[in-house]
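K.L.:
Using the sequences provided together with the hints, build the complete structure.
Take a look at the letters that make up each chain.
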Amino acid sequence: MLGLNFRDRSLFFIVIALTVLAPFILNPFPSESSLAQFNAGYPDLMQRFVIFGIFAIGFNILFGLTGYLSFGHAAFLGVGSYAAVWVFKLFTYNVLPAIILAVAVAGLFSLLIGYVSLRRSGIYFSILTLAFAQMSFALAYSVLSNPKFNLTNGETGLQVYADDPQWLHRDSLPDLPHLFGLSMRSNYQLDIGAWTFNFNVGYYLCVVIMLIVFYIAIRLFRSPFGMMLRAIKSNQQRLNYTGLNSRPYTLAAFVISGMYAGLAGGLMAAMDPLAGAERMQWTASGEVVLMVILGGAGTLIGPILGAGFIKYFENIFSKINDQILHQWFAFLPDGLEDFLVFIIHPFIGKGWHLTLGILFMLVVIFLPGGLVEGGQRLGKLFGRRKKTEDAAKDAANTPAE
Amino acid sequence: MTKSNFTRRGVLKTGALAGAAMATPTIFDGSVWAAGHTGFTNAPEGGSVTLGFNVPQSGPYADEGADELRAYELAVEHLNGGGDGGMINTFSSKTLDGTGINGKKVEYVTGDTQTKSDAARASAKSMIEKDGAIMITGGSSSGVAIAVQGLCQDAGVIFMAGLTHSNDTTGKDRKANGFRHFFNGYMSGAALAPVLAARYGTDRKAYHLTADYTWGWTQQESIANATEAQGWETVNNVLTPLASTDFSSYIAPVLNSGADVLVLNHYGGNMVNSLTNAVQFGLKDKQVNGKNFEIVVPLYSRLMARGAGENVKGILGSTNWHWSLTDEGSKAFVKSFGTKYGFPPSQAAHTVYCQTLLYADAVNRAGSFNPCAVGEALEDFEFSGLGNGDVLYRGADHQCFKDVLVVQGKENPTSEFDVLEVVEVTPRAQVEYPPNHPMFGGDEASLGECNPGA
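Chains as they are written, first to last, in numbering that gives the first Met the number 0: chain A, 0 to 400; chain B, 0 to 453.
Just to be clear, a hint being listed does not mean it is correct.
What the hints assert, rightly or not - Straight-line distance between alpha carbons at most 25 Å, and here's what the computed DSS-like set of lysine-lysine pairs gives:
#1 B:K290 <-> B:K204
#2 B:K171 <-> A:K147
#3 B:K204 <-> B:K285
#4 B:K204 <-> B:K283
#5 B:K171 <-> A:K88
#6 B:K104 <-> B:K93
In case anyone wonders, no lab produced these hints; they're calculated from the structure.
P.N.:
See below:
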């Protein structure tokens, strides 16, 4: 079915189930309880999970398969966002043309940068992409936002104003990004007992698109083209000696992953019609590298897990403050309460980077294969039958050398 | 294909679950769809109301953000009847009585803007969507303030801007749901220029170094216009990249340009570095065109002045408020802030404290949390007792008009907080401008319709 083997198919179905049921899975705590702090099932964050999942899947096609570590992928995401917002400004709030143009523009842009950068490999490639991305950031932040030629609106971010032309806009359509009249912001809130669940149109649009591109990624991983990319990763020199020109393959992988990034950027703009220059900064490029490594580079589901993990910390842990800590520990004697708050204080709120950093170190040291490896170890621990199967598979996968 | 019986069952299971998920909203049709009946976003239910404090906790303006957060916590304490009441006692409107806002206890959530518009919007969205915040406030950079203001307009909640100095916030990017208490670049120029002319003469040649982004440009334009009106000449304006940490290559050409005043349109860490470089080059001791060379920093803050240390001595600038003011409101605020935290508040802390009180009072006067009613109560509201004399919240662009302080770095500071002294309090009338001023978007700028959301 779907041209996938058993393992890939079950993985695909797991991803479908996870994403479709996310509103339930991410809101496990009653909305009035003190643990509601950890609920992540609100539209904005769910959309972010999926969008950065797409970004990371795309990055993994380049990094996981060919081993080329690009430090400039945020530039493609940013370019996609700007393209999408310009469609909103000039033509219509319908998200489809915006997303399509975002992918196309990011594809062209990555072709340009990839053509130049891929003349080098290893660290030189990383530095080249980093340089290009920082150039794009500087262009977007100040150079292209001067009053005479304002393409990006600089620090403020490109947004849609009431006096923008929007030639194809009709008054009957919502004044926000929509899909043929269905606003991306429309949201059904479902209350069951003490629990609240959000079903958001924008989120489900992102889910549908992610499932499509995830399927494409699986097919790509299993195709002869994917095999060629893996060959480049394991030994590019040897590949060249066999008379094969590997550059078209790396360039194709680069452009594909650039288009994934552009898609993510377009979706971000579709969910929230503003494109900020910070999206292109090197920290944003670094973030996607972290996501992929944290989840498990070269695996199919790893990047999605990594993206979810990082976004969860960024949005949930950064919002815990001392007041909330005091509420949690209110049952303890005063001295002990203050002591605990004092101990935990550096790790929450603005300290979320610290917590994330510690977890990242732990994962890299103890689970070099990322969260996916953690899952596999758990699986091995509990599933006996699987063990022999995996051993057989490992044997089959071991290269001949 | 594979011989597994998992597929059929798995598909059925997944399908059933997915189907259930799709079906539930209709099954529970008619139950509470929060906000559906109240007429506006996040109408507070029960005995409490949630405010969203969205400030930079990391990044270049983290110091300002931390001070803002302290002031917010103080404001919430005072609104809920705790502490000594601070400026509630001196505020000219007397609707605040320590019982929260509109009789509801004030609670708050905090977030980190990271001084990035994207992160700030994500954080504000989570406050609105997850925590049910009825009002968002904060920000320590104009880009962030404008981005979050746009979001609040779309979502249908009130935005009370924190520290944002760009003309655009209440100029071409003004929004019906957004309000600014802080002053702006134009006001800095209008207040500063006469003092500069009186001190340094009217035949000066100014050289501008400007941070290359929206705020830098609007401030540079404002200062250049105001000083040219006094007879000054603008020799050159050089844009410096935002990420610069070393400005020596920009300072050297100043000496050969024939200019005798250097205007630094920088803020935060940029200003600390450029001013330090300029002083290191000995500019302050130079004589050009037979006059003493002068340096001007149009937007000052105490936190920045502290960072620049000795170098700020004698350098003129403008500020929204300073803790050494001796009116009743300022004294009350400095006292309660000092009692709680052990040091005096910054201008960022002052402006966000005022914004919180102003919002609470407007809700009380309107008798409703509906953003449109609150907006109406704030528009053309005149008040005093919040440390800036008589203040008007102008309805046409949602900008506060009040006296502006011209300050200079103190020659003999008595403590690490006592680094600025007030040179002149420029009266409100001198810094006023029409709402359709060309620097503020001209005739095209409009607030749009107030949006209650839902």
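K.L.:
Work down the list of hints and note, for each, if the structure agrees.
P.N.:
Hints and how they fare:
no. : hint              : in the structure
1   : B:K290 <-> B:K204 : 11 Å, holds
2   : B:K171 <-> A:K147 : 16 Å, holds
3   : B:K204 <-> B:K285 : 14 Å, holds
4   : B:K204 <-> B:K283 : 15 Å, holds
5   : B:K171 <-> A:K88  : 16 Å, holds
6   : B:K104 <-> B:K93  : 18 Å, holds
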